[in-house]
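Dock chain B against the given chain A, drawing on the hints supplied.
What follows is each chain in one-letter form.
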Amino acid sequence: MTTLEFSLFLFVTSIAAGLLGALSGLGGGVVIVPLLTLIFRVDIHYAIGASLVSVIATSSGAAAAYVREGFSNIRVGMFLEIATTLGALVGAWLTTRVPTHAIGIVFGVVLLYSAFTALKQHHDVITQRPDPLALRLRLLGSLPISPTAHQDYVAQRVPAGFGLMTLAGTLSGLLGIGSGAVKVIAMDQAMRLPFKVSTTTSNFMIGVTAAASAGLYLRSGYLAPALAMPVMLGVLLGSLIGSRLLVRIHVRTLKIVFALVIVALGVEMIVNSLQGKL
Amino acid sequence: MKWTDQRIETWVGVMLRTGVMLAAALVLTGGILYLGHSHGPRPDYARFQAEPAQFTTLSGVLHGVAILNPECIIMLGLLVLIATPVARVVMCIVGFLFEGDRLYVAISTIVLAILLYSLFLHR
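Order-wise, the sequence lines are chains A and B.
Position one of the first sequence corresponds to residue 274 (the working numbering), numbered consecutively onward.
Position one of the second sequence corresponds to residue 431 (the working numbering), numbered consecutively onward.
These are computed hints drawn from the structure, not numbers from a lab.
Fair warning: this is a prediction, and the values are worked out from it, not measured in the lab.
It is possible that part of the hints are untrue.
[Said to hold, decoys possible] Below are the SDA-like pairs computed for lysine to any residue, each with C-alpha atoms no more than 20 Å apart in a straight line:
no., chain 1, residue 1, chain 2, residue 2
1, A, Lys550, B, Tyr475
2, A, Lys528, A, Leu518
3, A, Lys550, B, Asp474
4, A, Lys393, A, Val530
5, A, Lys469, B, Gln436
6, A, Lys469, A, Val520
7, A, Lys469, B, Gly443
8, A, Lys550, B, Arg477
One chain only, chain A, in its complex shape (with noise of 0.2 Å):
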């Protein structure tokens, strides 16, 4: 196979990878690394770096989007951002040092976990509590649900959403995912924010806890530019058409089939890692 037909084949397949990810709400991310190490027999090490750089793309790309919305907390993302981005360089820096079977098996936990939260249907608690430690970072806001109403929103437990932050920069490090998941779950159930709010912070958060890791493995030696070339290029052409298509789908459906396939590439990683041809 040539350079030009390798390049082509990527290409595709990026695209593929990046319109799932925006149907499945997942990113492309996820689905980066699995569909290089198993398909394209590429390196565990290359295939993060790539799949980084498309985090980055997707995510910055996609931000004005969110931005028009309205809903995410500046001041929650930011106040968080301490918390992944330190986890970001642990987690790269734990990536140099874990063999590849246990970053895949890893790997392979999370999407599995990814999928299983992406179908679970969801219920706000909202709550107004003055939460000392909230009040004092000023983590609380207020989210328009109506024309005329509003819901205020205090966060709670800010601790443990620290600590599930970090965790998530960890698993972006390491991995060289968004995350996504993670922060909306540390952000939803633990300091119970408004999904809404949630889900668009989160997404402001993940390009910069993938920039912290980005550095870090651009320095290593970890991206090889002809192979980030279409892996970006193919990502970010993917979810822009897959967030345009969101608008015309039913999302439950595709979320549904689209979850299924990750539940596959999770249990390939794990089997592949284990069977040691990763």
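This is chain B only, laid out in the frame that chain A set:
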């Protein structure tokens, strides 16, 4: 205060989109040049060996861009891409300064410091 937040976020959105488009343009340009120059069998990525210094240091990349090395042009695009979230944090610091929110100027600066450490100072 909510109004200032929205305004800053709108500019942040514009900046991010522009950054991504610029990065994509650089990556695409480098990619086309790269594919134009390569005629042999495809590189083997099955075994990891760290990329050479011309791709992992800023000076290496810039030197490469000056001589139109395709992979260095791609790397420059990737650097621009990585810079977009960093620029976002900087814009938030500016926004918090305008709002007189010293606590969050401090918090955002910590985040920026961590990002800059990872990009320039580590190891």
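Are Lys550 of chain A and Asp474 of chain B close enough, with their CA atoms no more than 20 Å apart? 16 Å, holds
Would you check the hint for Lys550 of chain A and Tyr475 of chain B, treating anything up to 20 Å between C-alpha atoms as holding? 15 Å, holds
Satisfaction of hint between Val530 of chain A and Lys393 of chain A, Cα-Cα up to 20 Å: Holds, at about 14 Å.
Hey, Lys469 of chain A versus Gln436 of chain B, does the alpha-carbon distance stay inside 20 Å? Distance of about 16 Å is within 20 Å: holds.
Pair hint outcome, Lys550 of chain A versus Arg477 of chain B [Cα-Cα no greater than 20 Å]: 13 Å, holds
For the pair supplied as a hint, Lys469 of chain A and Gly443 of chain B, is the alpha-carbon distance within the 20 Å limit? 18 Å, holds
Quickly compare the C-alpha distance for Lys528 of chain A and Leu518 of chain A to 20 Å and report which way the hint goes. 13 Å, holds
Is Lys469 of chain A close enough to Val520 of chain A, meaning Cα to Cα at most 20 Å? 17 Å, holds
Checked against the numbered hints listed earlier, the structure breaks none of them; every hint is satisfied.
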